[in-house]
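S.K.: Sequence:
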Amino acid sequence: MRLVLVPTPIGNLEDITLRALRVLKEVEVVACEDTRRTGLLLKHYGIPTPTLRLDQHTVGRARELLAPYRYVAYATDAGTPGISDPGAELVRLALGWGWRVEALPGPTALIPALVASGLPTHRFTFEGFLPKGGRERRERILALAREGRTAVLYESPHRLRKTLEDLLEVYGPDHPVAVARELSKLHEEIFRGSLREALEHFQEPRGEFVLVLGPKALEAPDGEALARRLKEEGLSGRALVRALVALGLPRNEAYRLALEEEEG
1 MRLVLVPTPI GNLEDITLRA LRVLKEVEVV ACEDTRRTGL LLKHYGIPTP
51 TLRLDQHTVG RARELLAPYR YVAYATDAGT PGISDPGAEL VRLALGWGWR
101 VEALPGPTAL IPALVASGLP THRFTFEGFL PKGGRERRER ILALAREGRT
151 AVLYESPHRL RKTLEDLLEV YGPDHPVAVA RELSKLHEEI FRGSLREALE
201 HFQEPRGEFV LVLGPKALEA PDGEALARRL KEEGLSGRAL VRALVALGLP
251 RNEAYRLALE EEEG
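Take the sequence shown: its letters are residues 1 to 264, numbered as in UniProt numbering.
Warning: the hint list may mix true and false statements.
As the list claims (entries may be wrong) - Straight-line C-alpha distance at most 20 Å; calculated EDC-like pairs for lysine to aspartate or glutamate:
#  : residue 1 : residue 2
1  : Lys-25    : Glu-102
2  : Lys-162   : Glu-197
3  : Lys-132   : Glu-28
4  : Lys-185   : Glu-169
5  : Lys-162   : Glu-102
6  : Lys-216   : Glu-260
7  : Lys-216   : Glu-232
8  : Lys-216   : Asp-77
9  : Lys-216   : Glu-261
10 : Lys-231   : Glu-136
11 : Lys-185   : Glu-204
12 : Lys-216   : Glu-197
13 : Lys-43    : Asp-85
14 : Lys-231   : Glu-260
15 : Lys-132   : Glu-102
16 : Lys-231   : Glu-197
17 : Lys-216   : Glu-182
18 : Lys-185   : Glu-14
19 : Lys-43    : Glu-64
20 : Lys-185   : Glu-127
21 : Lys-162   : Asp-77
22 : Lys-216   : Glu-204
23 : Lys-162   : Glu-139
24 : Lys-185   : Glu-197
25 : Lys-231   : Glu-155
26 : Lys-185   : Glu-28
27 : Lys-43    : Asp-15
28 : Lys-25    : Asp-85
29 : Lys-185   : Glu-155
30 : Lys-43    : Asp-77
31 : Lys-43    : Glu-14
32 : Lys-132   : Asp-85
33 : Lys-216   : Glu-102
34 : Lys-216   : Glu-147
35 : Lys-185   : Glu-26
36 : Lys-185   : Glu-102
37 : Lys-231   : Glu-262
Stated by the list, open to error - What follows is a set of in silico ranges between Cβ atoms, one per label pair, in the way DEER data are often shown:
#  : residue 1 : residue 2 : range
38 : Glu-232   : Gly-96    : 44 to 50 Å
39 : Glu-197   : Ala-225   : 24 to 30 Å
40 : Arg-92    : Tyr-71    : 38 to 44 Å
Worth flagging that the hints you see were computed from the coordinates, not collected in a lab. Glycine included, C-beta positions come from ideal geometry on N, C-alpha and C.
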């Protein structure tokens, strides 16, 4: 049994490798998130291979759906399967069945946005999509800021401004950012500037976005001031400890400050 993860163009249909086209022709079936979208790609290149829907709602039935086949390709809506999509779950399942799993190199929005940003690329962290809200979202942004590395995020148009606002609060209004929109498509745009300027620029966001944040200079944190501020924001107990550690405090000091805030 063989599963091949096939990256597909994120916009421009020319961004596909010869090897990917060969595999799409060879396999018995192309499992994909959206049979209509992948079907258009196959039609464009004259590939008659049948498609099978396998998305976040049906991946739990993957073994049943793929049982008739011995050679399967998997393609997501766009880009490399396994990055912020059901591909990672399918790989885990296939390995558990004893299948041979291969991943072809190819298109992804992450790397083009990073290398075109003009920001440091030698050390970076990829976050994907942030949690939609609550303490986990706040803690994740604080942890990214504490990384001291360039950070790359994905974001949808209807959440872009909220994300820029939340990042601005932690990183500061003058922090450098590159915002890539509709990469490889007709209306591709890469905005480079500060978080404040990005918020002013994207008044009515449209398209799919990749945010690249420059590394934040690390400073010795004032533990007591941080603990008070985070408590005012609603964090307490273990959530407060995690946030303090993410901001660079030693775990013992974070526990002490969290306990003092509770007792105070």
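S.K.: Indicate, hint by hint, whether the structure satisfies it.
M.R.: Do the hints match the structure? See the list:
{"no.": "1", "hint": "Lys-25 / Glu-102", "result": "16 Å, holds"}
{"no.": "2", "hint": "Lys-162 / Glu-197", "result": "14 Å, holds"}
{"no.": "3", "hint": "Lys-132 / Glu-28", "result": "38 Å, violated"}
{"no.": "4", "hint": "Lys-185 / Glu-169", "result": "31 Å, violated"}
{"no.": "5", "hint": "Lys-162 / Glu-102", "result": "38 Å, violated"}
{"no.": "6", "hint": "Lys-216 / Glu-260", "result": "29 Å, violated"}
{"no.": "7", "hint": "Lys-216 / Glu-232", "result": "24 Å, violated"}
{"no.": "8", "hint": "Lys-216 / Asp-77", "result": "33 Å, violated"}
{"no.": "9", "hint": "Lys-216 / Glu-261", "result": "27 Å, violated"}
{"no.": "10", "hint": "Lys-231 / Glu-136", "result": "15 Å, holds"}
{"no.": "11", "hint": "Lys-185 / Glu-204", "result": "18 Å, holds"}
{"no.": "12", "hint": "Lys-216 / Glu-197", "result": "17 Å, holds"}
{"no.": "13", "hint": "Lys-43 / Asp-85", "result": "23 Å, violated"}
{"no.": "14", "hint": "Lys-231 / Glu-260", "result": "11 Å, holds"}
{"no.": "15", "hint": "Lys-132 / Glu-102", "result": "32 Å, violated"}
{"no.": "16", "hint": "Lys-231 / Glu-197", "result": "30 Å, violated"}
{"no.": "17", "hint": "Lys-216 / Glu-182", "result": "26 Å, violated"}
{"no.": "18", "hint": "Lys-185 / Glu-14", "result": "11 Å, holds"}
{"no.": "19", "hint": "Lys-43 / Glu-64", "result": "27 Å, violated"}
{"no.": "20", "hint": "Lys-185 / Glu-127", "result": "23 Å, violated"}
{"no.": "21", "hint": "Lys-162 / Asp-77", "result": "25 Å, violated"}
{"no.": "22", "hint": "Lys-216 / Glu-204", "result": "27 Å, violated"}
{"no.": "23", "hint": "Lys-162 / Glu-139", "result": "16 Å, holds"}
{"no.": "24", "hint": "Lys-185 / Glu-197", "result": "24 Å, violated"}
{"no.": "25", "hint": "Lys-231 / Glu-155", "result": "28 Å, violated"}
{"no.": "26", "hint": "Lys-185 / Glu-28", "result": "30 Å, violated"}
{"no.": "27", "hint": "Lys-43 / Asp-15", "result": "16 Å, holds"}
{"no.": "28", "hint": "Lys-25 / Asp-85", "result": "23 Å, violated"}
{"no.": "29", "hint": "Lys-185 / Glu-155", "result": "17 Å, holds"}
{"no.": "30", "hint": "Lys-43 / Asp-77", "result": "15 Å, holds"}
{"no.": "31", "hint": "Lys-43 / Glu-14", "result": "14 Å, holds"}
{"no.": "32", "hint": "Lys-132 / Asp-85", "result": "16 Å, holds"}
{"no.": "33", "hint": "Lys-216 / Glu-102", "result": "36 Å, violated"}
{"no.": "34", "hint": "Lys-216 / Glu-147", "result": "8 Å, holds"}
{"no.": "35", "hint": "Lys-185 / Glu-26", "result": "28 Å, violated"}
{"no.": "36", "hint": "Lys-185 / Glu-102", "result": "28 Å, violated"}
{"no.": "37", "hint": "Lys-231 / Glu-262", "result": "9 Å, holds"}
{"no.": "38", "hint": "Glu-232 / Gly-96: 44 to 50 Å", "result": "46 Å, holds"}
{"no.": "39", "hint": "Glu-197 / Ala-225: 24 to 30 Å", "result": "28 Å, holds"}
{"no.": "40", "hint": "Arg-92 / Tyr-71: 38 to 44 Å", "result": "20 Å, violated"}
Hints 3, 4, 5, 6, 7, 8, 9, 13, 15, 16, 17, 19, 20, 21, 22, 24, 25, 26, 28, 33, 35, 36, 40 from the earlier list are contradicted by this structure; the remaining hints agree with it.
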